[in-house]
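Number of protein chains: 2
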Amino acid sequence: MDRVVLLSTGDELLCGAIADTNAQWLSGRFFELGLEVVAVLTVGDEPERLRWAWRTALELGDLVISTGGIGPTSDDLTTETVAAVLGCGLRFDEPSADRIRQMFAAMRRPMPENNLKQAFLPEGAVVVENPLGTAPGYRASPRWGEGAVAREVHLFVLPGVPREMKRMFTDTVEPWVRAQRGSGLTPLVQTFQTFGMSESALDEEIAAIIQPGEARIGFRASFPKIAVKLLVKPHPGESTAAAEARLGELAGRVRERLGGVVYGEGEMAMEEAVARALAARGARLALAESCTGGLIGHRLTEVPGISAHLLADYVVYSNAAKSDLLGVRQETLVTYGAVSEETAREMAEGARTRSGADVAIGVTGIAGPEGGSRERPVGTVCFALATAEGVVSRRHQLWGTRDWVKLLASQFALDMIRRWALGHAELAPGFRR
Amino acid sequence: MDRVVLLSTGDELLCGAIADTNAQWLSGRFFELGLEVVAVLTVGDEPERLRWAWRTALELGDLVISTGGIGPTSDDLTTETVAAVLGCGLRFDEPSADRIRQMFAAMRRPMPENNLKQAFLPEGAVVVENPLGTAPGYRASPRWGEGAVAREVHLFVLPGVPREMKRMFTDTVEPWVRAQRGSGLTPLVQTFQTFGMSESALDEEIAAIIQPGEARIGFRASFPKIAVKLLVKPHPGESTAAAEARLGELAGRVRERLGGVVYGEGEMAMEEAVARALAARGARLALAESCTGGLIGHRLTEVPGISAHLLADYVVYSNAAKSDLLGVRQETLVTYGAVSEETAREMAEGARTRSGADVAIGVTGIAGPEGGSRERPVGTVCFALATAEGVVSRRHQLWGTRDWVKLLASQFALDMIRRWALGHAELAPGFRR
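Protein sequence lines correspond, in order, to chains A and B. Basically our numbering = 1-based index in the first sequence + 264. Basically our numbering = 1-based index in the second sequence + 264.
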């Protein structure tokens with residue numbers, strides 16, 4: 265199994281209605297499994313094109329993962345296409361039919377007869393259970409090709425609904441792939457979530473401490489976060505424990521080198537990292553947001569249970585609100601301007617004292633596209649963090665469009681809170697592009 | 265030009281690093297141009313696979329749009345692949361080389377010599393200007409196939425950077441496509457942005473007023489918004505003006521049928537619709553958010569210039585903050601609970617009077633996953649809108665995960681403000697699934 269091909273079907277993928285996030289997700293999983301996705305083929309619900317796509321996929325790959333086209337309606341053609349291309353018949357799978365009937369009974373809804381279409385599978389196919397929906401998936405491992413070039417190929421047919429597809433991949437496809445390859449060939453992965461360095465700066469830092477032969481390095485940038493992945497393949501004959509130890513040693517080098525730039529490991533989000541750091545310190549937080557307009561509060565409240573640590577968020581968009589809600593002095597606004605470290609400091613201090621929080625952060629800046637000046641161009645953002653010990657502030661020049669500036673400013677603010685709660689000496693990363 | 269094939273290249277698309285949003289965007293544009301995208305092929309930066317993909321694309325389509333692989337580095341292989349597949353040489357395009365040199369000079373950065381690689385184009389190709397980056401694109405219209413089946417095909421090679429690709433498509437590719445087809449064949453499009461009905465409910469409503477032959481109907485659902493598109497193709501011999509009048513009449517039927525469910529036309533966002541409605545009424549707004557945690561403020565502040573209409577956003581996550589910041593009475597919190605219409609009303613009224621706004625909205629609910637009860641399950645959200653005339657409130661049962669509940673609640677709240685500012689009789693849609 266060296267060549268994986270993904271086959272995505274559905275008219276909705278070819279008229280701009282949705283992006284093919286299934287292909288992205290599956291590609292990421294195969295990357296971590298150490299298998300190469302050589303191509304993605306996307307076609308609509310059209311019989312001739314579907315047959316073309318299946319033949320092409322089986323020609324090109326030795327493992328084909330299909331998503332979509334196994335629902336109950338007449339434009340769901342995947343199963344009959346697979347049977348036609350493989351030259352086999354369909355069989356009615358009674359256990360799958362029972363499960364479909366039971367799901368409708370459990371929802372107390374009458375079952376439209378066409379739902380039983382989903383219980384027909386190509387002969388020789390093995391059911392892949394779908395715990396979250398009615399359409400079962402399946403696997404088949406036919407021979408493909410004529411005479412001397414005939415070879416065994418494997419194909420999985422999964423639904424297009426991301427939630428169902430992902431669950432079935434994790435429950436069934438991934439364990440099957442691991443079993444086929446033997447554990448020795450599947451890489452071990454360690455993921456670091458970072459903030460404060462560009463991808464190329466991270467690349468340089470890691471190149472300085474890890475040699476190309478020691479691990480494969482992957483980056484996942486989805487603004488404003490960049491994840492770094494270390495992948496280690498067990499050597500021939502090496503035990504999993506030994507490979508894990510090798511990965512652990514490399515991970516230690518990364519932690520030491522990157523320091524506070526790493527805010528989490530695995531899939532941890534910045535919001536979650538902040539919530540954990542606040543919980544560890546037993547600290548209660550207040551926010552004072554101007555240019556971010558509520559985004560910091562919104563992001564933190566994505567974390568369940570944050571109410572124990574987030575007291576209030578004062579979104580003070582106007583000068584009047586800055587004075588009335590937080591006590592920012594008129595003099596400060598006039599002398600230094602609304603976008604200044606001085607104003608940010610009074611915002612943070614006002615939020616802390618008025619809410620009774622242990623720590624408060626104030627953010628004020630120019631998100632654009634209007635409002636910039638020579639001294640304070642668009643993207644100027646001032647941050648202040650207030651505690652009982654005093655107030656520290658920073659001014660940063662951010663970049664990009666309005667939404668980009670807001671998002672990056674929220675990330676800086678969250679990182680500042682995290683660094684404070686963890687007792688870091690430096691409260692803000694010296695951002696390195 | 266009946267069959268469009270999209271060819272996306274880049275290793276980053278096959279290891280989970282990014283989703284192929286270019287393919288989605290291009291598919292949507294071709295849908296509006298009335299052309300069918302029959303397939304998307306995605307391959308990495310690997311010479312053999314790239315050649316396979318190009319041959320396959322030219323076999324299958326008569327218009328091929330390629331994105332990616334035209335940068336300056338050694339793994340950018342698109343142009344040499346195109347030349348190899350078409351069996352032509354490369355030529356050095358001096359004007360493109362000049363432009364690349366000038367861009368580096370303007371940035372005051374030395375130009376790495378490999379950037380001039382981007383000035384090589386296949387013989388016979390026509391430059392497609394890239395106003396936003398160094399890599400020029402190009403078009404070629406070779407004959408493809410042998411003997412009797414040979415036919416003219418068209419191919420466009422564009423960069424993978426979405427911003428550059430979109431601009432070049434809009435500036436050059438789209439006008440070229442329209443010119444090739446003649447205006448008579450390109451459909452006219454009218455888009456409606458809606459909130460308050462599911463896709464299937466919208467489908468039913470529109471089926472009741474527009475016959476299948478009158479227009480093609482498309483839906484674009486990206487939660488929580490659903491856009492409805494009407495597409496009308498000019499009849500043979502019909503003038504553009506007459507077709508526009510026909511579309512205008514159909515659009516009028518949709519406006520009348522859907523009423524307040526339509527919040528905008530074209531690509532208007534809900535945030536923008538609210539900002540315009542507030543500006544039209546000359547009203548100043550305050551927000552009081554509990555479960556949405558700042559999301560409403562964040563969304564509104566995505567609109568440049570909103571500071572003229574948004575005074576303050578009180579994010580009062582705790583009971584103490586509800587009392588201290590907005591004067592919600594202890595008695596109300598104890599008797600009715602923090603998630604109640606009564607609390608929402610006092611939040612809205614507190615935000616209005618304390619900020620001096622004309623209108624304020626209060627939102628409190630249970631975003632989950634914890635905190636639900638039999639009387640108030642997860643997804644219960646209460647809304648109140650306060651003005652000098654009084655307070656109205658609503659309770660809705662929303663659904664889904666925490667982020668989903670927050671997003672949907674923010675959409676309800678924004679829609680309520682919009683409906684108030686426009687003077688609608690009903691302030692909240694009777695949500696129809």
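One should not assume that every hint holds.
As the list claims (entries may be wrong) - Taking lysine-lysine pairs in the DSSO-like style, the calculated list, with each CA pair at most 30 Å apart, reads:
no.: 1; chain 1: B; residue 1: Lys489; chain 2: A; residue 2: Lys430
no.: 2; chain 1: A; residue 1: Lys489; chain 2: B; residue 2: Lys430
no.: 3; chain 1: B; residue 1: Lys430; chain 2: B; residue 2: Lys489
no.: 4; chain 1: B; residue 1: Lys489; chain 2: A; residue 2: Lys489
Stated by the list, open to error - Derived, one-sided and incomplete: chain B residues facing chain A with beta-carbon distance under 7 Å:
no.: 5; residue: Cys279
no.: 6; residue: Ala303
no.: 7; residue: Gly558
no.: 8; residue: Gly561
no.: 9; residue: Tyr581
no.: 10; residue: Gly687
no.: 11; residue: Ala689
no.: 12; residue: Leu691
no.: 13; residue: Ala692
Stated by the list, open to error - Sample of chain B residues with no beta-carbon within 12 Å of chain A, all distances over it, derived:
no.: 14; residue: Ala317
no.: 15; residue: Glu323
no.: 16; residue: Ala369
no.: 17; residue: Asn378
no.: 18; residue: Gly411
no.: 19; residue: Ser554
no.: 20; residue: Gly557
no.: 21; residue: Arg563
no.: 22; residue: Leu564
no.: 23; residue: Asn583
no.: 24; residue: Ala585
no.: 25; residue: Val655
Just so you know, the hints here were simulated from the structure itself, not pulled from any lab data. None of these values were measured; they are calculated from a predicted model. Note that CB positions come from ideal geometry on N, CA and C, so glycine has one too.
- Message: Does the closest beta carbon of chain A sit nearer than 7 Å to the beta carbon of glycine 561/B?
- Response: holds (3 Å)
- Outside-interface status for leucine 564/B - nearest CB in chain A farther than 12 Å: violated (7 Å)
- Task: Take a quick look at alanine 317/B and tell me if its Cβ sits farther than 12 Å from every Cβ on chain A, holds or violated.
- Result: violated (7 Å)
- Message: Quick check for students: does the CB of valine 655/B sit more than 12 Å from each CB in chain A?
- Response: holds (21 Å)
- Task: Under 7 Å, Cβ to Cβ, is where glycine 687/B needs to be relative to chain A, so tell me if that hint holds or is violated.
- Result: Result: violated, 25 Å to nearest chain A Cβ.
- Query: Taking 7 Å as the limit, does the beta-carbon of alanine 303/B come near enough to a beta-carbon in chain A?
  - Reply: holds (5 Å)
- Hold the hint about glycine 558/B up to the distance rule: shortest CB distance to chain A must be less than 7 Å. holds (3 Å)
- Task: Under 7 Å, Cβ to Cβ, is where leucine 691/B needs to be relative to chain A, so tell me if that hint holds or is violated.
- Result: Constraint on leucine 691/B not satisfied, violated at 22 Å.
- Item | Interface-negative label, asparagine 378/B against chain A, beta-carbon threshold 12 Å | holds (16 Å)
- Query: alanine 369/B: least C-beta distance to chain A exceeds 12 Å?
  - Reply: Check passes; 21 Å lies beyond 12 Å.
- Given the hint that lysine 430/B pairs with lysine 489/B, does the C-alpha gap stay at or below 30 Å? Roughly 23 Å between the alpha carbons, so the hint for lysine 430/B and lysine 489/B holds.
- Query: Within 30 Å, alpha carbon to alpha carbon, are lysine 489/B and lysine 489/A?
  - Reply: holds (26 Å)
Comparing the model with each numbered hint stated earlier shows that hints 10, 11, 12, 13, 14, 15, 19, 20, 21, 22, 23, 24 do not hold.
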